[in-house]
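Chains as they are written, first to last, in the working numbering: chain A, 1 to 331; chain B, 1 to 186; chain C, 1 to 748.
By construction, these hints were calculated from the structure, which means they are not laboratory data. Check each hint, because a few of them may be wrong.
DSSO-like mimics (lysine-lysine), calculated; alpha carbons at most 30 Å apart, straight line [said to hold, decoys possible]:
(1) 438/C / 322/A
(2) 26/B / 2/A
(3) 509/C / 228/C
(4) 322/A / 228/C
(5) 26/A / 509/C
(6) 290/A / 438/C
(7) 153/C / 290/A
(8) 26/B / 112/C
Computed from a predicted structure; not experimentally measured.
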Amino acid sequence: MKNFAYARAQDADTAVQLITQNQNAKFLSGGTNLVDLMRENIEQPDHLIDVTGLPLAQVEELPGGGVSIGALVRNSHLAANQIIRERYPVLSQAILMGASAQIRNMATTGGNLMQRTRCYYFYDTDARCNKREPGTGCDALEGFNRIHAILGASDDCIATHPSDMCVALAALDATVHVTGTGVERTIPIVEFHRLPEDTPQIDTNLQPDELITSVELPALPFARNSMYRKVRDRASYAFALVSVAAALEVEDGTIKNVRLALGGVAHKPWRATEAEKVLTGAKADEEIFKRAAAEELKAARGYKHNSFKIELAERTIVSVLKTLASEGGAR
Amino acid sequence: MSETNSGGREFADRTVPVILQINGIKHELQLEPRVSLLDALREYVGLTGTKKGCNQGACGACTVLVDNERINSCFALAVQYQDREITTIEGVAHSDQLHALQAAFIECDGFQCGYCTPGQICSAIAMFEEFKQGAPSAVTEHLAETEIEFSEAEIKERMSGNLCRCGAYVGIVEAIREAFDKEAAR
Amino acid sequence: MSSPKTERRFVGKSVPRKEGRDKVTGAARYVDDIRFPEMLYGATVRTTSPRGRIKEIIFGENVPWDEFTIVTAKDIPGENYVALILNDQPYLVEEFFNHTEEPVLLLAHEDKFLVEKARRSIRFEIEEFSPVFTIEDSVNKREIIWGEDNVFKSFLVDKGNVDEVWESADVIVEGEYLTGAQEQLYIENNGMIAIANHEDGVTVWGSMQCPYYVHKALIKLFNLPEEKVRVVQTETGGGFGGKEEYPSMIAGHAALLSWKSGRPVKIIYDRAEDMAATTKRHPSHTRHRTAVSRDGKLLGMEIDFTVDGGAYATLSAVVLSRGTIHAAGPYLCPNVRIRSRAVATNAPPHGAFRGFGAPQSIFGLERHMDKIAKTLGLSPEEFRRRNFIQEGQTTATQQVIHEKVDLSGLMDRAFELSGYNEKREKFAEQNKSSRLKKGIGFASFMHGAGFTGSGEKYLESVVGAEATEQGNVRILAASTEIGQGTNTIFGQIASEALGIDYNLIEVAKPDTSNVPNSGPTVASRTCMIVGKLVESAALGLKQTLVGSGFLKDSGYTSEDFSNACRAYIEKHGALKSFSKYQQPEGINWDDEHYRGDAYGAYAWAVYVAEVTVDPTVYEAHVDDFVAVQEVGRVINPVLATGQIEGGVAQGIGYTLYENVVWRDGRMANNQMTNYIIPTSADIPPIRVFFAENPYAYGPAGAKGIGELPMDGAAPAILSAIENATGVSINHIPLVPESLMEELETETI
């Protein structure tokens, strides 16, 4: 690991100021991804600006029923928050199915959003990787690409975004509040992360001088009937092969509202808008769930080792929707 | 090679003074910012009870308590953990009196090679605090309820961040129940 | 006080681990916990392609190379091979290399971060040769990469005449079975510290199973007399076979760096290096062709068993031997032919891992037994019962079983405890309507304890017992505590033999300058073979005390014994007693024909697994596990139970999770985030039961236990999955996409 200079910011303005004044600087929060990548020489910042001291660690109810989550609210605290557990259970579940208790105690909301989209080859500095070293090529395309993307990938990168939390946020229509040099703006979660295209080295649409301050969840009463399902290689503490976050409202047998997002399938948390179109207003039965899943996965492309994920994703979507349709808000 | 201005006094270069409060004792160290809390404990303070298993947050052997919460010390930069109360395995017992969980680990054979054990014990102590505070887990059936049963499934899920290759999991779960069941039932 | 002969005071009791307190308080000292003044940190620069010739080593820029100690093959004072069996594996590549991650160059510096930077900066200019990666390509000699035919070793076991059975057989069943590599993944990575110089010789401290293997290797590497080499085991954070042979490599590297730099050198592998560069379980391929009569009797078995040994011979011959001998299992068959071979590929050498070849061949056999049963229309249990070996009958190597073996009884017990019969019925009914499919299955098997054949005779292991000035007895053995309980059971065996308090027994830390060579800590031999020597060495001590009049022959207290020790030392000086292995009468082994008494004793077992398969998302989970075994007398029930639970946990990983992904002969998923081992949430309740049948030549009647539990989980789980889904699967690991493929193929 390369050495670096360290500073601790006490407020957002100072943090932004520091990052604009210094070349090759990065914000440091829980460190669970950044420190790991630095140890592998994949990230090599010259300056780290520790933002964990910023006063952004609150979960607050907003007028109108939404919730604001400070960027420094740690994952474990967010998952345990009573409002989230009651109104947005999919978010609590997603967080609790991610990583380990120790990591959730360190990782923050903002940090979770900023973790790198990645794969084994990104980590292996002997391999070619356009994300790590643009222009070198992608060894995953022809390599062992079991955990890789089936949707929205490019010939330059087929890595997946590993977050569970962000999949739930994508389903919940969250918006990300950021502050930059004199500018504050909000970015819808589905536009926050990028598809790889021919610049896979850029994971998000956040500008280099911008800092996430909070994530806002809109009021979404039917999200009380929501859930997260994660298919993985072991029962706990493993990345998703495929995951599904969904919220469903059924009235008189008809789907009134639905939100659906997939994890483990793309360079970013994947909001399943095609499936949602098929579902909205339709009769809530297994047949339509299957059709919706098929519609969403129509654009999917498998590689040598990950084609199984296409079917797996379809089946998981159907299984989640069936559960939500039968429970109908029981949770 | 570009020589960048480090931005003035805000940045501490090369080495920095780091004050760590560990097991109730204050340690004044001079560290490079890149030194992890794990390495600071082991190499600079001489507390080698905390173990390095993977150095990437995947095994839990480096688990320590910070303000009574469990973290992976391998991911933590020491410089970030000043002014916090750090507890390691060496600070778990009260002088000669083992912590109830340490005694239970011996009693229930909750280990074999012992390498993951300090992490397991620190992790379980914090795990029980989380449980008492009503924090849910991925297997908690009724997420909105704060009364959760201290079941085997809950313990196993909550301890899944601490790998034991000897496979002493049966004994580990038993030891945790032995040490905490009574309190959980209250 | 009653005599130890009539009432056991320590054996059979669950006394706490000797080193337990140190391990729960963080006081136990593992190699990375130890530092010496002026110590340097060493690193290994390795090949990055599978086969070729190094033309040039290119040192990176911006590294102060003059501050480094750099060692190449030219710096080796003695022989450039890791002395083991065939001595074909070099310590450092001279020119030609045969696998990725092969050590070429060693670096040392006092700044750990700088060593890592330097290591990463070195590149090789190479000429690449065509490599071989699969058993099939190796057997077909697509390239000759080792010796004349890529074969490290082959065996032929021939009993009766299998050629004559095919024509008259009612039914012939064939099958093919595959197992993958498995990483030991001890949580403590490998590591060594060395201090080496011309005056004092070489001393190493480190994590290891076999101090005298390291000792032997260092003697050759440095060309030193044996008294100039000292090997000390530090507390060892798991081994499972993974610290049997490779520590000799690391010890040599650390010592070479120290020899050249004149300073202590520590090498600690990081996780990625340990996973990619060190040994794994041999992948295997088994082919069965079996003749059976319509009433379910085995008539003839032809078994072809091949393991992938990686690039150098290392231990492959012995792994193959154990796998071969276990390939026909605990069944009586009059005609058996087993052909086996270990072949070379351009992967890092595969090595010892708990079970040592047996889990591979037993997996094939037990899956095949299920297949035969199905073909015959018999239940898997009924087919086994008709063929279980009995006392007086012979194994595949024509070893006559002299002990009372009752596999049917073990099966009854296992079925009763697991509710096997009821569940078979219940699940069949439930599965018709339920989305989740449940199943229950079993495996029956045996595992030989101690070295194969004449191995123990040639080893000539020695154990010592000495009286201390405090009046304690100290056991002197090179057998290491690696979590399996060596210290504790040695204490129990000795205290039982002497009739004195357990706390009066000390167990010396293995240090070749202080303990005799009791052989390697492998092969389920520590309790049965070495434990017996502990017993006799302890008794020798007592004999001397009695003979010299310091102690009554019986009816003494612990205090009397301590006083006698002290008195003896005061009068005569040191009191030590040594015991050397002598093969029990009647063990005969023909190494040339691979015939005879392969092992002194076998442990016998029936394991039952219960699973749930979610056919929607292809998840399989083990819900319950019952392990019933006969291992002779159990010395320490809690520790023995832990051994079984641990082996079963590793077996569950081997079956369902642990997939070593190879890319050009290199492990591609060499991280704990992508090589998946079981967590606490994946391990079911494991219910362990021992049937005790004392073995005459084991200490207090004990046999071996360590490897046995690794054998049964995989076939039992796949049998349960077959019961749940109706699909018979013949390969492991069974990751979700393989399960998907199998289930889909079946429904089409």
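Hints versus structure:
1. 438/C / 322/A: Cα-Cα ~21 Å, so holds.
2. 26/B / 2/A: Satisfied, since the Cα-Cα distance of roughly 28 Å is no more than 30 Å.
3. 509/C / 228/C: holds, 19 Å
4. 322/A / 228/C: Violated, at roughly 72 Å.
5. 26/A / 509/C: Status violated; Cα separation ~49 Å.
6. 290/A / 438/C: At roughly 25 Å apart (the allowed maximum being 30 Å), residue 438/C and residue 290/A satisfy the hint.
7. 153/C / 290/A: Measuring from Cα to Cα gives roughly 55 Å; hence the hint is violated.
8. 26/B / 112/C: holds, 26 Å
Violation of the numbered hints given earlier is confined to hints 4, 5, 7; the remaining hints are satisfied by the structure.
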